[in-house]
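S.K.: Sequence:
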Amino acid sequence: MVGAAACPLAVAASVAGFFERENCGQCPPCAVGTASLARILRAVEAGGSRPRDLRDLHEVSGFMTGHGYCAHCRVAAAVASAMARDFEEAVDAHVSGGSCPWPERRHPDPFASASPERAAVEAAVQEQLR
767 MVGAAACPLA VAASVAGFFE RENCGQCPPC AVGTASLARI LRAVEAGGSR PRDLRDLHEV
827 SGFMTGHGYC AHCRVAAAVA SAMARDFEEA VDAHVSGGSC PWPERRHPDP FASASPERAA
887 VEAAVQEQLR
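Note that the working numbering has the sequence shown beginning at 767, numbered continuously upward.
It is possible that part of the hints are untrue.
[As the list claims (entries may be wrong)] Taking CB as the label site, the calculated pair distances span:
hint	residue 1	residue 2	range
1	794	879	36 to 46 Å
2	871	822	37 to 47 Å
3	794	821	27 to 37 Å
4	891	865	31 to 41 Å
5	825	788	17 to 27 Å
6	821	895	20 to 30 Å
7	855	896	42 to 52 Å
8	818	888	32 to 42 Å
9	894	863	37 to 47 Å
10	790	867	30 to 40 Å
11	895	813	21 to 31 Å
12	832	880	27 to 37 Å
These aren't lab readings, by the way, just hints derived from the structure by calculation. Glycine residues also receive a C-beta, built at the ideal position from the N, C-alpha and C atoms.
The task is simple: from the sequences and hints, build the whole structure.
M.R.: Structure, rendered in structure tokens:
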């Protein structure tokens with residue numbers, strides 16, 4: 767499920783999970799920050815967030831924006847905060863309802879290690895490296 771048919775918070779959690787998995791672990795702002803962003807967005811998507819989670823998301827994103835050794839940190843922060851800001855109504859619906867209001871729109875993680883999307887991207891990268 768893609769595009770407007772997908773739950774925007776499920777997509778945000780998926781993207782945050784990608785940044786969490788793909789950071790190199792060389793700098794704490796990125797390693798800790800991407801894990802925090804992914805945890806927060808997964809909690810919001812599942813309806814199990816705490817009242818302070820969205821404030822924490824923006825605080826972590828702000829810190830990550832000014833720190834980190836490469837663009838991975840800054841891009842992860844920009845994407846997470848933009849998704850939370852641009853889909854504020856969806857965030858409110860998840861938080862107030864205690865779960866995803868659109869369970870039929872749940873988005874599978876396209877970046878999971880066994881997903882066909884990830885396999886296609888990795889094959890394309892390998893082809894370019896040859």
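S.K.: Compare the structure with each hint and give your call.
M.R.: Evaluation of the provided hints:
no., hint, in the structure
1, 794 <-> 879: 36 to 46 Å, "25 Å, violated"
2, 871 <-> 822: 37 to 47 Å, "26 Å, violated"
3, 794 <-> 821: 27 to 37 Å, "21 Å, violated"
4, 891 <-> 865: 31 to 41 Å, "36 Å, holds"
5, 825 <-> 788: 17 to 27 Å, "22 Å, holds"
6, 821 <-> 895: 20 to 30 Å, "42 Å, violated"
7, 855 <-> 896: 42 to 52 Å, "46 Å, holds"
8, 818 <-> 888: 32 to 42 Å, "37 Å, holds"
9, 894 <-> 863: 37 to 47 Å, "44 Å, holds"
10, 790 <-> 867: 30 to 40 Å, "36 Å, holds"
11, 895 <-> 813: 21 to 31 Å, "41 Å, violated"
12, 832 <-> 880: 27 to 37 Å, "36 Å, holds"
Of the numbered hints stated above, those contradicted by the structure are hints 1, 2, 3, 6 and 11, listed in ascending order.
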